[in-house]
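S.K.: Got chain A; can you put chain B on it based on the hints?
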Amino acid sequence: MSRQRLTWIVLGVVLLALLVVRGFVGQGLGRVYVQADQVSLAQMDEKGADGSLVKVWKPVPAAQATQQWTEWSQAAPKAYFEAVAKNPAQTDITLSWPRTIGLWLAAFFTLAIFSFLYSDNVFYKLAEATVVGVSAAYWMVIGFWDTIVPKLFGALTPDMVIKWVQPSLQPAGAMQQASMWLALVLGVMMLWRLAPRGGWIAAWPLAFIVGVTAGLKIVSHVESDLMAQSVATMQPVVQLVPAADGGTDWYASLWPTLANALVLVGVICALVYFLFSVQHKGVVGATARVGVWYLMITFGASFGFTVMGRIALLAARFEFLFDDWLWLIDPNHLRS
Amino acid sequence: MNMVDRLNALDRRWVFLLMGLAVAVPILWIGITGNTFPETPTPAAAAVFKAVEDQPEGTRVLVAFDYDPASAGELQPMATALLHQCAQRKLKIVCIALWPLGGNMAQQTIAEVIRADYPAMREGEDFVNLGYQAGNEGVMKVVLTDFKKAFPVDARGQATADLPILQGVQTVKDFPLLLNVSAGYPGSKEWVQYVVSASEGKVKMVAGCTGVQSPQMYPYFPGQLAGILGAIKGAAEYESLVNQSIGGDVAPKYREAQRRMAPQLFGHLLMVALIVAGNTLFFMGRKGARA
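Protein sequences, first through last, are from chains A and B. Quick note: the first sequence uses the working numbering, first residue 1, plus one each step. Quick note: the second sequence uses the working numbering, first residue 1001, plus one each step.
Check each hint, because a few of them may be wrong.
Chain B side only, calculated, beta carbon under 8 Å to chain A, not exhaustive [what the hints assert, rightly or not]:
1. 1009
2. 1014
3. 1031
4. 1090
5. 1100
6. 1104
7. 1152
8. 1201
9. 1215
10. 1233
11. 1264
12. 1268
Simulated from the structure, these hints should not be mistaken for lab results. Being a predicted model, the structure only gives us computed values, none of them experimental. Beta carbons: idealized from backbone N, C-alpha and C, even for Gly.
In isolation and in its complexed conformation, chain A is listed as follows (with noise of 0.2 Å):
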């Protein structure tokens, strides 16, 4: 037995011994609990912002509701703990199996997703597979519910959209349903390129695409990044504080004027590195070395900050593990 596999069945081995223990200690291991509320609507008139009547799902009690069902909320453990010593029968809030399976599975996906920090194998292989076959299928089925069914078949059939799938659909006006055929016939037109021959219609929308997009961020970018930011950055050096007696106060004033003197500093020595049609000898070698001092600064200060984020969402998983699955830590007062 290589010592790979032996570490693998020692891992395995203590990890499910310490689950049975954690089941069979205190309250045991995650469970999620819910509590059924039953919602009772009725449709009225009410009048609307123009004066006119609109028709208005209102809560009615039980009796008067023209629609109802029962919606699933999720209570704290601590709630089915008390109802349960109140009345042992109670039915009020009750185990809920689908959203417990689903507790653990999130817990065995996370840990599947961890052992491959020691080496590659198939629990690993099974839930990085499930994350993109999930991920596609939801974006398939929000790209055409919440995108082609309101925006596309809204605008062209209003009428069946609004009978068969979406009552609250606002029809569109005229321009906009004719502005969806061209948007229907550049989509058609895309999907030439999976026919075997004329794939060279595809390139007609994808042309449209880079030209809408060219033209979206081109005045954007000049009016938020170059122009905001140059007149941001050409800020008098010297920034004077008033003092509480009419004076400056020379001290206050020291930091933002460091501050925009580094900017002024950074600005010029990182344009100077830039400059490739200039060698970088002599004064401009050495602007141009402050240039690359100021860069790695900052690729510094993303790396920390990247390093922060990735931390605090290793810290979010630890915390499912030892809060909602093992029932270890209750920061949330949610047990106890």
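M.R.: Only chain B this time, still in chain A's reference frame:
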């Protein structure tokens, strides 16, 4: 094999284990004791707090939830704290999302903050979730000219034209304050580029963003952004400011970011130690090779 060679050949999985312990142990310690480290707010976080605090009671604010569960570990605490302060200030909260799951994140935050702790606030009058709208920058361009055209119905299917909270709203410029919680594209950067820059100063914006995004967003502060919450550290600072201003017993759900700062501290200390150790080993190895 001497010590330097042995350390140079150290299996990287020991580093992963150390990092796991550096993050896990503080979480367990905080989970058991409930203690957190004190936070000193930086000007960027204090500016976010002030921007919300300066709004008169009843002012409409737009909150854009541009993130999904993958970034919730970093961003959910700041979204919770932002809604908490807005509700406390009795502002009218309009939530939108340009990320498909952002609408669900808004719904979850509303349930955690408004429905749980501010039950007197009425949906459609004091707060509303307009849900997700596809179109990225396209939606931003449309809200500049016709807000209700971009969001014709709310998340429940009610026409926005009939919602009392949106009476008098023509464009995004009718919201004096835009709060954005962003995990990437489309997010804070695009809101600055397409809305703040084009609003002629009528829309003030504050942003909370992930660590990866933060370095790109800081140049916009304080000119184009009135305040910024950079990653979990910004969230913890802002959270402590909101909790201090409200006072009394603070529910644990409003201290989530502060709880995550101890793992940050020990994780970063380990990181610094590893960088120093790695460089020291490198130079010792080079010196040994020369000798």
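S.K.: Going back to the hint list, which numbers does this structure go against?
M.R.: Of the numbered hints given earlier, those the structure breaks are 1, 2, 4, 6 and 8, listed in rising order.
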